[in-house]
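Asks: Sequence:
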Amino acid sequence: MMCEIVSERIRFGIRAKYFEALLHREITWFDLNDAGNVSFIVKQYAKAGSIVEEALRQIRTVLAFNGQSYEIKRYRSALEEATKNEIWNAFQSGLGLVTLYTTMNFVYFTIFWIATEFVYFGYVDAKEVITIFSVINSLSFALGDLVQRFGKITHSIAGSKQILEEITQAEIDSKKPRKNQKPFVNGKITFDSVKFSYPRRPDVEVLKKLSFTCEPGEKVALVGGSGAGKSTIFGLLMRFYDPEKGQIKIDDVDIGDFEEEYLRSEIGIVRQEPVLFDATIRQNLHNAKQDASEAEMLEALDQANALKFVRDLPQGLDTRVGSRGSQLSGGQKQRIAIARMLLRNPRILLLDEATSALDNENERAVQEALEKAYFGRTTLIIAHRLSTIRSAEKILVLKDGHGEDFLEKMFTLFQIA
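Counting from 1, one number per residue, gives the positions in the sequence shown under the UniProt record's numbering.
You may find that some hints are simply not true.
Unchecked claim - No more than 30 Å apart at the CA atoms, straight line, and that leaves these computed lysine-lysine pairs for DSSO-like:
#: 1; residue 1: K188; residue 2: K372
#: 2; residue 1: K372; residue 2: K209
#: 3; residue 1: K209; residue 2: K219
Unchecked claim - Computed beta-carbon distance windows for the label pairs:
#: 4; residue 1: S69; residue 2: K195; range: 19 to 27 Å
#: 5; residue 1: P314; residue 2: K195; range: 36 to 44 Å
#: 6; residue 1: A295; residue 2: E273; range: 27 to 35 Å
#: 7; residue 1: S69; residue 2: G316; range: 35 to 43 Å
#: 8; residue 1: V135; residue 2: T110; range: 15 to 23 Å
#: 9; residue 1: A295; residue 2: R364; range: 37 to 45 Å
#: 10; residue 1: S211; residue 2: E260; range: 21 to 29 Å
No lab work stands behind these hints, which were simulated from the structure alone.
All of these numbers come straight from a predicted model, not from anything done at the bench.
Backbone N, C-alpha and C fix where the C-beta goes; we use that ideal spot for every residue, glycine too.
Using the sequences provided together with the hints, build the complete structure.
Replies: Structural data, given as structure tokens:
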């Protein structure tokens with residue numbers, strides 16, 4: 001029983017360390033590895049396993065909000081609960097073994113008593129009985145225990161090899177020298193001859209010497225067909241990836257010189273399909289800012305036009321949103337995502353077709369929330385519909401990895417229309 005408890009504590013440590021290592025891997029690792037394939041480490045821990053799968057499949061959202069430590073805490077909490085159950089199971093298993101061995105020894109005692117009767121009446125020799133009985137008894141226990149433990153050891157070595165390699169590699173990556181500048185961000189964005197290809201498709205250049213500048217406080221629309229590089233620009237700004245050539249600067253400082261967590265705290269992103277975790281509204285907001293007070297949350301919800309519907313919910317902030325926000329409507333999910341973004345008060349906003357999947361009523365509510373968010377912030381908007389980019393001050397047309405010069409708004413709208 002003691003071995004079971006000790007081994008369970010070791011498994012707990014490895015699981016937690018492995019999950020932490022995964023959350024600190026560079027995003028390119030997830031491009032080259034299927035997140036679903038690593039869930040085997042927690043396949044017997046349903047709740048903890050769902051947290052791992054959810055966090056790894058939404059890794060861009062986790063990184064965008066610097067939510068690694070929060071997700072690690074959630075995972076550790078779920079693991080501790082599962083570990084307690086495993087320890088109790090080990091205790092019950094140990095108790096069962098005690099009962100089993102007690103019964104076996106009683107049977108042995110009975111057989112031994114009968115054998116002594118045989119010896120007493122001269123049917124067999126006492127030495128022969130004792131020798132044979134002792135050898136068989138010892139061998140049966142030893143061989144049974146050896147086979148059982150050898151199978152477990154072989155299985156554990158095979159399963160832990162990849163895990164330990166990932167933990168070691170993550171520790172090596174975390175020790176690489178990094179610059180940790182935290183300059184005040186005004187919001188000027190510069191792309192200077194940026195070239196980029198995704199790790200899975202290194203032969204396909206998504207961006208080819210892309211150059212453009214956004215001044216502080218400007219609202220810029222990114223227009224282009226599928227695969228033109230609009231979302232790639234966002235990924236590069238968030239430092240999910242680094243450019244192969246060229247420079248990306250914020251306020252004339254190379255973003256590679258920024259501390260990653262600080263950089264991401266100054267950039268807010270809202271996607272077309274908002275990503276909410278299977279938790280409460282409060283916990284989803286804490287994912288962006290762990291020390292946020294309730295007053296700060298309510299203020300962010302108010303700015304996002306979400307306060308009224310949240311207050312109307314029976315459990316308010318403590319309402320569970322379901323897997324991927326399934327308990328909320330599209331507009332409600334989008335406004336919660338906007339509130340989560342505003343909670344950190346970023347200087348730069350990235351809007352990835354934030355209203356294109358909504359109906360007219362929800363689009364108006366979300367658009368009103370976004371109009372409030374635009375004020376005083378540099379904003380890049382990906383959009384296909386004219387209604388989304390009418391208020392943009394500049395438009396960048398992307399085609400074949402290149403960016404056309406900024407066009408005058410009215411002239412461009414006239415051409416597109």
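Asks: Broken hints, numbered, in rising order?
Replies: 2, 4, 5, 7 and 9
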